[in-house]
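Start from the sequences and build out the full structure, keeping to the hints where you can.
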Amino acid sequence: MAERGGKGTLYEAVETFIYVFREGLKGSRAYKMFLLGLGVMAAYGIYLWVFVQHAPIFLGSDKGGLYMTGVNEDVPWGLYISFFTLWVGIAASAVIFSFIGYVFGDKDFKKIIPFAEAQAVIALIITIWGIVANLGRPERALVRLPRFENLRSMLDWDFFVIMTYMTLNAIMYLYTVHRYRKGLAIPWNAIVVYMIISSPFAIGIHTVTAFIFHALTARPALNSALLAPRFIATAFASGPALLLLVLYILEKYTKEFTVPLRVYRITLNVIAISLTTGLFFTLAEAHEAFWYTTEPLKRHQLEATFYGGVINIVTFLMWLWIALGTAAVLLSMVPSMRRSKGSIAYIAALTFIAVFAEKTLATVIPGFIINPMNVPATYHITPMEVFVGIGIHATLLILYAILVKAYFYTLRVKGGDVV
Amino acid sequence: MVEGNGKKIQEGKVDEKRRMAIKIAGLAALLSTIDFAVFDKEEFKKMLKKVGLDDILNVAEAREGLGHYEERAKKKEEELKNLCMAAADKICSEKGFASADCLLAKKKCSKITVKATPPDPNKRYAMALDLDKCIGCRRCEYACVMENNTLRNAGMDWIHIYEMDREGLSDLEGARDDYTVAPKKGKVYVPVACMHCENPPCTMVCPVKATWKEKDGIVVVDYDKCIGCKYCVVACPYGARRFNLFPPKLDPLDLNPNMHILGNIPRPVHVVEKCTWCVQRTRDGGVPACVEACPVGARVFGDLKDPNSPIRRVIEEYGVFVLKPEAGTNPRFFYFFSGAKTPRKEGGGK
Chain A
413 MAERGGKGTL YEAVETFIYV FREGLKGSRA YKMFLLGLGV MAAYGIYLWV FVQHAPIFLG
473 SDKGGLYMTG VNEDVPWGLY ISFFTLWVGI AASAVIFSFI GYVFGDKDFK KIIPFAEAQA
533 VIALIITIWG IVANLGRPER ALVRLPRFEN LRSMLDWDFF VIMTYMTLNA IMYLYTVHRY
593 RKGLAIPWNA IVVYMIISSP FAIGIHTVTA FIFHALTARP ALNSALLAPR FIATAFASGP
653 ALLLLVLYIL EKYTKEFTVP LRVYRITLNV IAISLTTGLF FTLAEAHEAF WYTTEPLKRH
713 QLEATFYGGV INIVTFLMWL WIALGTAAVL LSMVPSMRRS KGSIAYIAAL TFIAVFAEKT
773 LATVIPGFII NPMNVPATYH ITPMEVFVGI GIHATLLILY AILVKAYFYT LRVKGGDVV
Chain B
74 MVEGNGKKIQ EGKVDEKRRM AIKIAGLAAL LSTIDFAVFD KEEFKKMLKK VGLDDILNVA
134 EAREGLGHYE ERAKKKEEEL KNLCMAAADK ICSEKGFASA DCLLAKKKCS KITVKATPPD
194 PNKRYAMALD LDKCIGCRRC EYACVMENNT LRNAGMDWIH IYEMDREGLS DLEGARDDYT
254 VAPKKGKVYV PVACMHCENP PCTMVCPVKA TWKEKDGIVV VDYDKCIGCK YCVVACPYGA
314 RRFNLFPPKL DPLDLNPNMH ILGNIPRPVH VVEKCTWCVQ RTRDGGVPAC VEACPVGARV
374 FGDLKDPNSP IRRVIEEYGV FVLKPEAGTN PRFFYFFSGA KTPRKEGGGK
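Going down the list, the protein sequences come from chains A and B.
Following this note's numbering, the numbering of the first sequence begins with 413 at its first residue and continues without gaps.
Following this note's numbering, the numbering of the second sequence begins with 74 at its first residue and continues without gaps.
Be aware that a few hints might be false.
A short list of chain A residues far from chain B (calculated; beta carbon distances all over 12 Å) [what the hints assert, rightly or not]:
| hint | residue |
| --- | --- |
| 1 | Met445 |
| 2 | Gly472 |
| 3 | Gly477 |
| 4 | Tyr479 |
| 5 | Asp568 |
| 6 | Thr576 |
| 7 | Ile615 |
| 8 | Ala630 |
| 9 | Tyr660 |
| 10 | Glu663 |
| 11 | Lys664 |
| 12 | Phe669 |
| 13 | Pro672 |
| 14 | Arg677 |
| 15 | Thr727 |
| 16 | Val825 |
Restricting the straight-line Cα-Cα distance to at most 20 Å, the calculated cross-link-like pairs of lysine to aspartate or glutamate (EDC-like) are [said to hold, decoys possible]:
| hint | chain 1 | residue 1 | chain 2 | residue 2 |
| --- | --- | --- | --- | --- |
| 17 | B | Lys298 | A | Glu561 |
| 18 | B | Lys286 | A | Glu561 |
| 19 | B | Lys322 | A | Asp474 |
| 20 | B | Lys282 | A | Glu551 |
Here are the in silico distance ranges between beta carbons for each label pair [to be verified]:
| hint | chain 1 | residue 1 | chain 2 | residue 2 | range |
| --- | --- | --- | --- | --- | --- |
| 21 | A | Phe433 | B | Lys90 | 28 to 34 Å |
| 22 | A | Gly472 | B | Glu151 | 15 to 21 Å |
| 23 | A | Gly721 | B | Leu176 | 55 to 61 Å |
| 24 | B | Lys322 | A | Glu700 | 44 to 50 Å |
Hints listed in this document are in silico derivations from the structure and should not be mistaken for laboratory results.
Note that CB positions come from ideal geometry on N, CA and C, so glycine has one too.
As structure tokens, then:
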């Protein structure tokens, strides 16, 4: 509710929206150069996507096409879809912070929830963009996906939950900034409504994404009911890890902002537990495939994933995940590592790299590494995919920087009293 | 109570005003929704034509009824004829209007037809393949590419032939599709294309219903509806679907003039395509091109509901099996061993 005698709710909402971008773009010279650098990368990536890779669609030219990416007959989903699986998990983790902050009423966590919400919003935009960059005909999808024509297809459901969760978090972020800007606390009923709707959706976005993959008998390496729990486990490790890194960087480069060590420690506990669960699930899947299964294709696909020889980058990423994940879990148990923010941020970085390795190609490609007719596939990451990927990430990093900056400014001006 | 413009405003009054504004806004939104729903669609389309959105909307409105398909087929036919005529005119202006090349090109163009033949619900097509006979010559692949106007520059074909050991047939052990010499002794050649399953996972996963199973058992793709998400490619247990990665470069004079709107019309870029059992031939009572082209007569095609069809004879006489029965898709493409091997002699085929 706006203050009485104000100019109207809608007007104020628009005002807050403008406020976010105005304050988000203000900053030191270094910050502006940082944004500009990202802007150049973003522009190049988008240029490559629109004018080169998808030129036959957007420009109607007879050059370009998805053959410029690494996808082929046997590997229809490549790097773009692996961004989708990675970032959808990072988005899901916003719910952890809102749970500790809003439901358990932790004041320190309540302060950083909008960072998590902003992270969820940008993560979901990357997610959708990842799918769209891999789509052959984005202009048709624009018209037809919102119609939900085939509700037996998990892709429709995924589109629905991702859109809903993104909108919800965007609204909540803006609302929080709006309230704090006015020096007001968030009303209890708004929190209740947000938590009740967003918690199932947070789990839902990742579960439904896993359902897209796991219901396919054609791809036995992915056809496992453990896929959705595995996704959630590593999601709850990577999202908080990324947020910790962001908080650490903020603390280091701006003097006015401090996050207590206990926030780092509690988050580290969440990360360690989730990572352990994720590693355990990987072990469980590997055990099933190498110990018992008599399904030849499943065995071949997992052998190719773990032993290498077919698409070696997948093998490398798989072992990187196991090595770094284990290292992060072990380090998080060392008491001296838990004493300083720097070392906790180091563990968070290890975690993020580990989950990045697991959630990208090492999740998607094992289903394609041996094709359904038992012939080894080939997949090479092309510069096109890499640069378009960088462009997508740079674009959203700009948005993330703006959202973080705007909320940070609000906090600093109000001193965090209203929280 | 708040001071405003020097006079006191009652709290309730301000609220009333806002409530009124919200009410009006809600009413306006409702009215515009209703307005949109009862809007004259033709008028709407005309409005949109200026912005050039009509193509997208046409796509979205696709598959409303059968008439729609015939309309689209007619449109497509005209388009292709014009394209072909332009190519023919080029030849004519180069070599003279009375030259044989010119006349041949024009004759080819006039033969182009795009059909939208509906399925016959009293038929249920199926195909069987004799693995004892197949020599892995890939002539069916060639015939398929020629018949179905497949891209020549993309290295794409709808049929893949896998060479494997006889004992590897059950688990596809040692399958490979890049062999260069065939037939070899002790090997069996397994051509794989769309199996037209009774329970197809590819149609289930399509988010926009751009692919479906027709009443005569043929699984088709609507190329104007496909959004190119490749989910069906991922879902197919036989790897039978292909994604068109290249912008089409087809000489209009090389086209097979006998076309079907859901079959072998030249596909646009970035859509999924696959074997349709030559829907342009089979719906007119013919057999697919691969069956016709097979030099050893390994392929059998027919109607499962017709007791006198060749496919029924094969099933009754030899018994058939399917690839990957564990996928549970119930394919309508059968394999069988007739016992009469080609080459017949030991060590033959050199």
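Right, here's what the structure says about each hint:
Against chain B, the non-interface label of Met445 of chain A holds: every CB pair exceeds 12 Å, the least being about 38 Å. At roughly 9 Å from the closest C-beta of chain B, the C-beta of Gly472 of chain A falls inside 12 Å, breaking its exclusion from the interface. A cut-off of 12 Å between C-beta atoms contradicts the statement that Gly477 of chain A is not in contact with chain B; the least separation is 5 Å. With a closest Cβ-Cβ approach of about 4 Å to chain B, Tyr479 of chain A is found to fall inside the 12 Å limit, against its non-interface label.
A beta-carbon of chain B comes within 12 Å of the beta-carbon of Asp568 of chain A; the shortest separation is about 5 Å. With a least CB separation of 17 Å from chain B, Thr576 of chain A remains clear of the 12 Å interface cut-off, as annotated. Every beta carbon of chain B lies more than 12 Å from that of Ile615 of chain A, the smallest distance being close to 22 Å; the non-interface claim holds. With a least beta-carbon separation of about 4 Å from chain B, Ala630 of chain A fails to lie farther than 12 Å from that chain, contradicting its non-interface assignment.
Consistency note on Tyr660 of chain A: stated as away from chain B, and its beta-carbon is indeed over 12 Å from all of that chain's, at 38 Å minimum. At roughly 41 Å from the closest C-beta of chain B, the C-beta of Glu663 of chain A stays outside 12 Å, upholding its exclusion from the interface. Every CB of chain B lies more than 12 Å from the CB of Lys664 of chain A, the least distance being 42 Å, so the non-interface label holds. Every CB of chain B is more than 12 Å from the CB of Phe669 of chain A (nearest about 35 Å), matching its label as outside the interface.
Every beta carbon of chain B lies more than 12 Å from that of Pro672 of chain A, the smallest distance being close to 40 Å; the non-interface claim holds. Once the 12 Å rule is applied to beta carbons, Arg677 of chain A is consistent with being away from chain B; the minimum gap is 42 Å. Distance check on Thr727 of chain A: its Cβ is at least 21 Å (rounded) from any Cβ of chain B, clearing the 12 Å threshold; non-interface status holds. No beta-carbon of chain B is positioned within 12 Å of the beta-carbon of Val825 of chain A; the least distance is around 24 Å.
For the hint pairing Lys298 of chain B with Glu561 of chain A, the CA-to-CA distance comes to about 12 Å; that is within 20 Å, so the pair holds. Between Lys286 of chain B and Glu561 of chain A, the direct Cα distance comes to roughly 16 Å. Compliance with the 20 Å bound is thereby established for this hinted pair. As the CA atoms of Lys322 of chain B and Asp474 of chain A are separated by approximately 8 Å, the hinted pair is consistent with the 20 Å bound. With a C-alpha separation of about 16 Å, the suggested pairing of Lys282 of chain B with Glu551 of chain A holds against the 20 Å cut-off.
Taking 28 to 34 Å as the suggested C-beta distance range, the pair Phe433 of chain A and Lys90 of chain B conforms, at roughly 30 Å. For the hinted restraint 15 to 21 Å between Gly472 of chain A and Glu151 of chain B, the CB-CB distance of approximately 19 Å keeps it satisfied. With their beta carbons about 58 Å apart, Gly721 of chain A and Leu176 of chain B fall inside the hinted range of 55 to 61 Å. Remark: the range hint 44 to 50 Å for Lys322 of chain B to Glu700 of chain A is upheld by a beta-carbon distance near 47 Å.
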